[in-house]
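Number of protein chains: 2
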Amino acid sequence: MDITMDLIKQLREATGVGIMDCKAALKASDGDMTAAKKLLREQGKEIISEGRAASEGRVESYLHHSGRVGVLLEVDCNTDFTASNDDFRRFMRDVAMHIASEKPLYVKAEDVPQDVLESEKEVFLQQAKTEGKPEKIAQKIVEGRIKKFYDQTCLLNQAFVRDEGVTIEDMRNDLAAKTGENIVIKHFARFEVGKE
Amino acid sequence: MDITMDLIKQLREATGVGIMDCKAALKASDGDMTAAKKLLREQGKEIISEGRAASEGRVESYLHHSGRVGVLLEVDCNTDFTASNDDFRRFMRDVAMHIASEKPLYVKAEDVPQDVLESEKEVFLQQAKTEGKPEKIAQKIVEGRIKKFYDQTCLLNQAFVRDEGVTIEDMRNDLAAKTGENIVIKHFARFEVGKE
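As they're listed, the protein sequences go chains A and B. With the first letter of the first sequence counted as 1, position 143 gets the number 143 in the working numbering; the numbers rise by one all the way through. With the first letter of the second sequence counted as 1, position 61 gets the number 61 in the working numbering; the numbers rise by one all the way through.
Since the hints were derived computationally from the structure, they do not count as laboratory data. These numbers were taken from a predicted model, which means no experiment stands behind them. Incorrect hints may have been included.
Repeated chains share a single entry, so a pair holds when one copy, or any two copies, can fit it.
Said to hold, decoys possible - Pairs of lysine-lysine residues, derived as DSS-like cross-links and limited to a Cα-Cα distance of at most 27 Å, are as follows: (1) LYS186 with LYS103; (2) LYS136 with LYS186; (3) LYS108 with LYS9; (4) LYS121 with LYS147; (5) LYS9 with LYS45; (6) LYS140 with LYS129; (7) LYS178 with LYS195; (8) LYS38 with LYS147.
Using the sequences plus the hints, can you model the full thing?
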């Protein structure tokens with residue numbers, strides 16, 4: 001297989017390893033990007049994928065057959081090579097369908113606005129007090145309920161609709177491990193006719 | 001054609017005209033909803049469509065073939081009958097494709113946040129002053145540039161990408177006239193890989 005400059009650049013982009021090493025790894029693996037990455041890792045080359053800007057990616061949509069619910073989703077990664085691969089596309093379709101069904105409000109816990117969080121805490125604390133719990137135990141209960149609130153409203157914390165044994169974050173982690181790249185769910189939109 | 005209760009209810013929902021009149025109009029027009037509406041209007045019946053809540057509608061998506069740009073769009077109307085019709089669906093597809101191409105930031109002028117508007121005005125005023133325009137003329141120039149700002153950033157004000165002679169608002173108006181219903185572009189999302 002012909003190793004194009006474009007392929008070499010993509011591998012360099014994905015790993016931060018020097019051009020000559022990338023070229024050699026691609027030659028040794030017949031232009032197979034995943035095998036070349038594995039080879040570089042085996043050679044002990046520094047892979048700088050973690051923490052690098054995920055500036056490639058894809059936008060995916062999902063429309064419920066009723067036409068009344070729709071989702072738009074952007075997932076980013078480090079290279080266009082990974083954004084084009086089947087595992088990545090399948091992940092996007094699964095997550096878009098999941099969002100349509102499970103109605104998350106935020107991508108991750110840190111995205112919950114401070115005032116929403118405060119207001120939830122207040123409600124949970126009042127509930128615990130109404131139930132006659134002592135202050136210390138009430139605080140514990142609030143922590144538990146906030147965690148549950150995250151699990152219900154944050155996409156990454158939610159259990160996958162088609163396999164309750166894994167969260168969306170688990171699936172994201174698996175894909176990151178498989179591709180050796182940062183996988184970032186950047187944002188999503190979910191519209192439903194008759195809802196705000 | 002059999003005039004179902006469902007069809008009668010939809011016509012009543014769309015026009016606010018009494019059940020018996022709706023039934024008669026549908027019978028006279030062989031169950032053709034559009035013809036029945038026209039007939040009711042010709043009979044001078046009160047059509048209360050204007051101003052009523054547009055609580056039906058559809059969600060549509062558009063993905064650019066690159067997979068790097070996507071749009072989600074919700075358009076509401078008064079009845080599911082209209083939301084299912086070909087003109088409505090074509091309007092949605094056209095507008096979704098238009099948004100992908102023309103990158104509007106808001107649906108309408110009223111959606112531009114006050115601080116954005118103030119900041120734009122300030123810039124335009126400084127520009128006019130730099131050009132040495134007297135205060136009165138500067139104000140006129142600012143008004144003109146704000147109008148241009150709306151025309152560039154607000155979906156309804158934008159010229160349709162496939163026919164610069166009409167705005168999206170013109171197209172919305174045409175569809176409203178054709179269907180006799182409120183047509184409301186409720187919201188849209190536009191994601192592009194590599195952009196905020």
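Quick rundown of the hints versus the structure:
{"no.": "1", "hint": "LYS186 with LYS103", "result": "both (16 Å within a copy, 19 Å between copies)"}
{"no.": "2", "hint": "LYS136 with LYS186", "result": "neither (38 Å within a copy, 47 Å between copies)"}
{"no.": "3", "hint": "LYS108 with LYS9", "result": "neither (32 Å within a copy, 43 Å between copies)"}
{"no.": "4", "hint": "LYS121 with LYS147", "result": "within (11 Å within a copy, 45 Å between copies)"}
{"no.": "5", "hint": "LYS9 with LYS45", "result": "within (16 Å within a copy, 70 Å between copies)"}
{"no.": "6", "hint": "LYS140 with LYS129", "result": "within (12 Å within a copy, 62 Å between copies)"}
{"no.": "7", "hint": "LYS178 with LYS195", "result": "between (38 Å within a copy, 26 Å between copies)"}
{"no.": "8", "hint": "LYS38 with LYS147", "result": "neither (37 Å within a copy, 56 Å between copies)"}
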